[in-house]
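Mind docking chains B, C and D on chain A? Use the hints.
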Amino acid sequence: MRIVVQETPFDFGAEAEAFGAGRGDLGAVVTFTGVVRSEGDRSVSVMEIEHYPGMTEAALTEIAQEAARRWTLGDVLVIHRYGPMKPGERIMMVATASAHRKDAFEAAEFLMDYLKSRAPFWKREVGADGESWVSAKDEDVAALTRW
Amino acid sequence: MRIVVQETPFDFGAEAEAFGAGRGDLGAVVTFTGVVRSEGDRSVSVMEIEHYPGMTEAALTEIAQEAARRWTLGDVLVIHRYGPMKPGERIMMVATASAHRKDAFEAAEFLMDYLKSRAPFWKREVGADGESWVSAKDEDVAALTRW
Amino acid sequence: MNVLYFAWVRERIGIPREDVVTDAATVNDLVEELRAREERYALAFADVSALRVAVDQKLADFDAPLEGVREVAFFPPMTGG
Amino acid sequence: MNVLYFAWVRERIGIPREDVVTDAATVNDLVEELRAREERYALAFADVSALRVAVDQKLADFDAPLEGVREVAFFPPMTGG
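Quick note, the sequences are listed as chains A, B, C and D, same order.
Going by the working numbering, the first sequence opens with residue 57, and the numbers climb by one from there.
Going by the working numbering, the second sequence opens with residue 57, and the numbers climb by one from there.
Going by the working numbering, the third sequence opens with residue 385, and the numbers climb by one from there.
Going by the working numbering, the fourth sequence opens with residue 385, and the numbers climb by one from there.
Only chain A is shown next, with the shape it has when bound in the complex (with noise of 0.2 angstroms):
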């Protein structure tokens, strides 16, 4: 397991070619990143995260070891980044490696989840009608529920 939150951009190629590579007992490695937006209704020139040192890191593997008491896994990573990035940078990712897809697919999505609601970041947009913060969406929230 292991779980990075820096502010300089991470090498996803890198990392996923990394992700438990050459292990034979690992049949599935499901690999997620989130990128900022900036798109119709919202022109983005800016995202801004801030985050809460200390807390981060700590609530970031708690969700980890939530997802690998809750299924069998091989591998976890997690990598999220602070501080100011441009539309079609990449935010975060996540990599779970499994026996099976289904064990690799539900951990990364349950991952997700809780990163979402869970982890203590924050965006502000910085756009064309100025700046403001992103609120949580209802969905997000109610996502937690399927676990």
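Worth flagging that the hints you see were computed from the coordinates, not collected in a lab.
The hints are all genuine.
Chain A stretches covered by chain B per the calculated footprint, using a threshold of three residues with CB under 8 angstroms from any CB of chain B:
1. 73-80
2. 142-156
3. 164-175
Beta carbons: idealized from backbone N, C-alpha and C, even for Gly.
Positioned in the frame of chain A, the structure of chains B, C and D alone reads:
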């Protein structure tokens, strides 16, 4: 949309890095990678995949098009190998990109469920106990009913 | 008509493909004709519930019509991914 | 006790953290004390249903006890990922 059927290994890191890269309209990217397993009850020295040239590409294209009809996807990628592979080697990958994570996750799971039961690939394992064709799992057939 | 065999169907019959001259109206009729040929065909087609069929490279049912069809393939359930 | 503010809570109150000397028994009691201080606190804590709280860096309820606690943080619902 890109569909690739090839005997040679693919560069997962480079494919993951390039897929949907830099696009501000895609907030969510999911990848699934299938890996040759050898463990515990099944010790595999080589896995061989046979396929049906011509039909394979058509079936994968149709499955990807169906995913694009059911979900709002910015891009879809399917790569599947055939021929001999060793434990730990990557057999195949799918990638989906969408504005939102729910679409990207569901489309990737749909692609995998359909690919498992509808794309003409057959796995044969060579191991300590000799050679045998891998049987289709009941759970893989059942997985189709959820879509 | 081109008839193709894959995986253990190919192994049991011993060849990957052959040209079959037939008036079979449906896949089921073709299976009956092939079964009657030789022991190795009878073995391969012993339990059609364990087989899948593609007609002109599309998955089909065993009662699919064969009129105008150029290629039929028999194989076990797929195991890709 | 260290009290931390994040996102728009930090912006409304105008500072990211402060040392608060308090006998508040619960988070709710602490919120009442802060609200009574100045307009900017009253504004930030106007609707606690729009807020979340962490006690010693763990998510908590507003009726959580504060005995022995070193750090309390107030912030809006999280929006990571």
